[in-house]
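Residue numbers (this note's numbering): 2 to 206.
Keep in mind the hints are simulated off the structure, nothing from the lab.
Computed from a predicted structure; not experimentally measured.
Among the clues, some could well be false.
[Claimed, not checked] Here are the simulated lysine to aspartate or glutamate pairs, DMTMM-like style, with alpha carbons at most 20 Å apart:
hint, residue 1, residue 2
1, K119, D129
2, K35, E126
3, K25, E73
4, K21, E65
5, K119, E156
6, K35, D97
7, K51, E128
8, K25, E65
9, K116, D89
10, K25, E126
11, K116, E38
12, K25, E81
13, K35, E73
14, K25, E118
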Amino acid sequence: MISEKLNLLRSRKAAILSYKKMSKSAVLLPLIEKENELYILFEKRAQSLKRQPGEICFPGGGIESDDRNPMEAAIRETSEELGIDEEDIDVICPLDIVVSPFNAIIYPYLAVINKPEKIAHNNFEVEDIILIPMSFLNNHPPQVEYLKISLEPSEDYPFHLIPHGINYPFRASRYPQFFYKYEETVVWGLTALILTHFLELFNSQ
2 MISEKLNLLR
12 SRKAAILSYK
22 KMSKSAVLLP
32 LIEKENELYI
42 LFEKRAQSLK
52 RQPGEICFPG
62 GGIESDDRNP
72 MEAAIRETSE
82 ELGIDEEDID
92 VICPLDIVVS
102 PFNAIIYPYL
112 AVINKPEKIA
122 HNNFEVEDII
132 LIPMSFLNNH
142 PPQVEYLKIS
152 LEPSEDYPFH
162 LIPHGINYPF
172 RASRYPQFFY
182 KYEETVVWGL
192 TALILTHFLE
202 LFNSQ
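Using the sequences and the hints, build the whole thing.
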């Protein structure tokens, strides 16, 4: 019985621990070419939204049950938010998956928006569209700051079950935060983290 169960596990593939409990979303890092210049498209979220109103982000959103995969979710959300046809979204490649310290997992994708003149953003979700030249981002490195993330045990935490009890040396960590400033726009948070990854990847080719 035991050997049979172990044999069944031989073909198992590793996943992310606690994946089912994480919030999952997919975003698109959209590129637009204008007059031989590459631009990255950002959205300013509508002030009426409950979550992160007025903040700068990439198009995207939660992965729904009928999405076949994260890429399909990113394309669907981008189409809805920018008012463009899915056929005008040319996905180039997946970018690295983001697992945040706050139980969230984000699947980013790099894409080119064909026919950008057709963009008519959804005012309910998007207040404005912002285009930032790649050349500007490459010539203006971000400001880098850090968040300190530490563990705070609950009041009834069982210190008596662990070595050193209440004096156990829980580790704290530093989480980098990137800030890109362009005119009146500030790109920061997970959006800036994904942007930094893309710029490093693009410039290494």
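Here's how the hints hold up against the structure:
1. K119 - D129: This hinted pair holds, its Cα atoms lying about 15 Å apart.
2. K35 - E126: violated, 25 Å
3. K25 - E73: holds, 13 Å
4. K21 - E65: With Cα atoms ~13 Å apart, K21 and E65 stay inside 20 Å; holds.
5. K119 - E156: Given that 20 Å is the threshold and the Cα spacing comes to 56 Å, the pair is violated.
6. K35 - D97: violated, 27 Å
7. K51 - E128: holds, 14 Å
8. K25 - E65: Holds. K25 to E65 sits at ~9 Å (cutoff 20 Å).
9. K116 - D89: It holds: about 7 Å lies between the C-alpha atoms, which stays within 20 Å.
10. K25 - E126: Distance ~19 Å between K25 and E126 Cα, so the pair holds.
11. K116 - E38: OK: K116 and E38 at ~15 Å, within 20 Å.
12. K25 - E81: Distance of about 18 Å is within 20 Å: holds.
13. K35 - E73: This hinted pair is violated, its Cα atoms lying about 26 Å apart.
14. K25 - E118: violated, 31 Å
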